[in-house]
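Sequence lines, in order, name chains A and B.
Counting with the working numbering, you get residues 1 to 169 for the letters of the first sequence.
Counting with the working numbering, you get residues 1 to 535 for the letters of the second sequence.
No lab work stands behind these hints: they were computed from the structure.
For every residue, glycine included, the Cβ atom is placed at its ideal position computed from N, Cα and C.
Warning: the hint list may mix true and false statements.
Claimed, not checked - Estimated spans, in silico, between C-beta atoms of each pair:
{"id": "1", "chain 1": "A", "residue 1": "E112", "chain 2": "B", "residue 2": "G405", "range": "30 to 38 Å"}
{"id": "2", "chain 1": "A", "residue 1": "A77", "chain 2": "B", "residue 2": "A164", "range": "42 to 50 Å"}
{"id": "3", "chain 1": "A", "residue 1": "R136", "chain 2": "B", "residue 2": "R475", "range": "47 to 55 Å"}
{"id": "4", "chain 1": "B", "residue 1": "R418", "chain 2": "A", "residue 2": "A85", "range": "20 to 28 Å"}
{"id": "5", "chain 1": "A", "residue 1": "A81", "chain 2": "B", "residue 2": "P186", "range": "20 to 28 Å"}
{"id": "6", "chain 1": "A", "residue 1": "R35", "chain 2": "B", "residue 2": "P532", "range": "44 to 52 Å"}
{"id": "7", "chain 1": "A", "residue 1": "R35", "chain 2": "B", "residue 2": "S368", "range": "33 to 41 Å"}
{"id": "8", "chain 1": "B", "residue 1": "S368", "chain 2": "A", "residue 2": "D87", "range": "55 to 63 Å"}
{"id": "9", "chain 1": "B", "residue 1": "D446", "chain 2": "A", "residue 2": "P151", "range": "18 to 26 Å"}
{"id": "10", "chain 1": "A", "residue 1": "A149", "chain 2": "B", "residue 2": "A477", "range": "46 to 54 Å"}
{"id": "11", "chain 1": "A", "residue 1": "R35", "chain 2": "B", "residue 2": "Q362", "range": "58 to 66 Å"}
{"id": "12", "chain 1": "A", "residue 1": "Q114", "chain 2": "B", "residue 2": "S486", "range": "41 to 49 Å"}
{"id": "13", "chain 1": "A", "residue 1": "Q166", "chain 2": "B", "residue 2": "R418", "range": "28 to 36 Å"}
{"id": "14", "chain 1": "A", "residue 1": "A77", "chain 2": "B", "residue 2": "R475", "range": "27 to 35 Å"}
Unchecked claim - Interface residues of chain B toward chain A, partial, derived using beta-carbon atoms under 10 Å:
{"id": "15", "residue": "D91"}
{"id": "16", "residue": "L96"}
{"id": "17", "residue": "P186"}
{"id": "18", "residue": "P187"}
{"id": "19", "residue": "T309"}
{"id": "20", "residue": "T311"}
{"id": "21", "residue": "E347"}
{"id": "22", "residue": "I348"}
{"id": "23", "residue": "A421"}
{"id": "24", "residue": "Q429"}
{"id": "25", "residue": "L431"}
{"id": "26", "residue": "V443"}
{"id": "27", "residue": "R523"}
{"id": "28", "residue": "A525"}
{"id": "29", "residue": "G527"}
{"id": "30", "residue": "E531"}
To be verified - What the simulated footprint calls covered on chain B by chain A, stretch by stretch (three residues with Cβ under 8 Å from a Cβ of chain A suffice, anywhere in the stretch; the number is not a length):
{"id": "31", "stretch": "106-114"}
{"id": "32", "stretch": "219-227"}
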Amino acid sequence: MSPGGSGPVQRSWASRDGRPEAGPSGLPAGGLPPRPARILLAKPGLDGHDRGLKVIAFGLRDAGAEVIYLGLRQTPASIVAAAVAEDADLIGISVLSGAHLPLARQILAQREEQGAGHIPVVIGGTIPPEHADALRALGVEAVYPVGSALPDVLAGLLALAGTARQGAA
Amino acid sequence: MTPPRDVTTDSGIPVAIVYTGDDLPGGEAALARRLGRPGEPPFTRGPYPTMYRGQLWTMRQFAGYGAPEHTNERFRFLLAQGQNALSVAFDLPTQLGYDSPDPMAAAEVGRVGVAIDTAADMADVFAGIPLDQVSVNFTINATAPIILATYLVAAERAGVPYRALTGTLQNDILKEFLARKAYLYPPGPSLRLVTDVVEFSSRELPRFNPISITGYHAREAGCDAVQELALTMASAAAYCEAFLARGLGFDAFAPRLSFHFATTLDLFEEVAKLRAARRIWYRVATERFGASTPAAARLRFFSGNSGTTLTAQQPLNNVIRSTLQCLGAVLGGAQSIHVMGYDEAYEIPTEEAVTLSLRTQQIIALESGVTRTADPLAGSYYVESLTDELEARATALMADIDALGGAAAAIEAGVPQRWIAESAYRAEQQLATGERPKVGVNVYADPGAAAEAAAAPFEVDPMVGERQAARTRARIAARDLRQHISALLRLADDTRAGRNVMPALIGAARAGATVGEMADVFRDAFGEFTEPAPW
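Could you build the full structure based on these sequences and the hints that come with them?
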């Protein structure tokens, strides 16, 4: 997949409309259009605060991304396994119980174990600034604490997903 | 260019520049007749004739963290500060029926509340606190019957008779499916457990509220004031149907029903909502359920201010937001109030923040003078007009929920959950576009403020989980195995036979059964619930 246009993010969801005309094989003449970003969203652990994660899910959907919404009470192992099975470009998790550090550690460990190091992990929730630094040091790609603006979160997730897909291609 | 927006309340009710007597149906004379007096049907003006002149609201700050001894320490601190009731926060494993040693509990023990594994833990939480003198609120739902059993055993051990216990068990499972999401079993068996508690309580706990029917969490999850009212009342109706089907009499259980609403920032709309809530409940209780005593149709409620209105940016601004919301709850006639810590967007509130929340209530109670007279906003053209409008809109929405088969059926199908998620999304978009101003966030923002204020967040001791797990393992090892197993077998029998589970739960708690073991008996019998997709 060659990069082009105004960047991977724009391209991935703009391509949903204006698909190219079909060639003789029935496939589009210029090859298949790039697929939209595939973003997996999940709540690890026992925390049930899903308002924020659903807002992100709706926002990504409206921006043209494909959202795999796993919902509540997912284990680190099941989140990573689903991301691998669904060929996700990004794992987004949300924690508002304060358990973000141990849960992030477990998810990153699972990511190594399941050979999914290429899928970036992003975390949102009630995260104090010093913990955000700690999370980034662990290998979490981006941290969106409570108070992050919706457009910033969506743009950040789509950009990371786009970059991750290019890296994998 | 978007056209200029109409001026509306937070829930979209159009607001005129000025209100007059013409905005009241039938004019002012009709209003006086319709309203009645505080303490009189339809209770729009308050549940009691003298309101705060007779008795102030209960200042109930939610607390609980770590192991039982940590929560005990904070409870003693709060009582020493002048708080007159306790409200227990439980950790997520306790709320969801996992013991501290369970791998599912690992990262969560003692984090958002106290860890309770056995009745001995509950006794430790209340060590040295006179249970016959302090009313206790339990924010517990899926495992409510289990936690109540451990509390009753703790009371037995302290020599306090059941009849002397006062307080409230949240025990509102419908709103867990709706918004709070700490559900465990499917709606049907969950409703049966709620009913078991209410039935048991009506016999054994005459001074205890066995359920608090709440719209608070749906509101926090995103819905507006109209939806909050409608969902609360529709849920209340669903519970009442279940209790009646059990053979309980409405006039017998209804006086012990309590309610829980959010009070958010739209001051007059919130006051109107709380007044409308009392009127709607009066109508539901009398017209639908045939209440024949005033106490059976009189709505009493607890109000919590809204955490989602608080911001991580410029956190001290939250003190002002909480003050306004606490004032709204008082003007709306609340029986008990919780004020959030200004730092709760980040962490469990620090002791300083908790004290300030309590002081907020005390200043409103003792210095502002708003408590001198009952329902001081009665007769305000605007507030009365909003009260009427909220009542009308919520009543219409309740009819929609009834058309879906009632609250339980609508929730099982995921319909109101989608309303809530969609309005949360709309609110976030309005915040992003600036359509909804938020000081310190999208207006008057100051990028440095957030990082500064969270310099010393409250931390739970990371060793708490391991110590608590070790203590529970030791208690498990010390049990009388024969007693323990026969108590759990009896619980399984009663569960499957459809008998009230409370006596068997109390027996199991006495025999040292853990919360996880008792929850597992129900898991085996009922299965677990999974939420429908959000779209």
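Now the hints, each set against the structure:
no.	hint	in the structure
1	A:E112 <-> B:G405: 30 to 38 Å	violated (48 Å)
2	A:A77 <-> B:A164: 42 to 50 Å	holds (48 Å)
3	A:R136 <-> B:R475: 47 to 55 Å	violated (40 Å)
4	B:R418 <-> A:A85: 20 to 28 Å	holds (26 Å)
5	A:A81 <-> B:P186: 20 to 28 Å	holds (26 Å)
6	A:R35 <-> B:P532: 44 to 52 Å	violated (26 Å)
7	A:R35 <-> B:S368: 33 to 41 Å	violated (60 Å)
8	B:S368 <-> A:D87: 55 to 63 Å	holds (60 Å)
9	B:D446 <-> A:P151: 18 to 26 Å	holds (20 Å)
10	A:A149 <-> B:A477: 46 to 54 Å	holds (52 Å)
11	A:R35 <-> B:Q362: 58 to 66 Å	holds (59 Å)
12	A:Q114 <-> B:S486: 41 to 49 Å	holds (44 Å)
13	A:Q166 <-> B:R418: 28 to 36 Å	holds (35 Å)
14	A:A77 <-> B:R475: 27 to 35 Å	holds (30 Å)
15	D91	holds (9 Å)
16	L96	holds (5 Å)
17	P186	violated (15 Å)
18	P187	violated (16 Å)
19	T309	violated (12 Å)
20	T311	holds (6 Å)
21	E347	holds (6 Å)
22	I348	holds (7 Å)
23	A421	holds (4 Å)
24	Q429	holds (7 Å)
25	L431	holds (7 Å)
26	V443	violated (13 Å)
27	R523	violated (13 Å)
28	A525	violated (20 Å)
29	G527	violated (15 Å)
30	E531	holds (6 Å)
31	106-114	holds (count 5)
32	219-227	holds (count 3)
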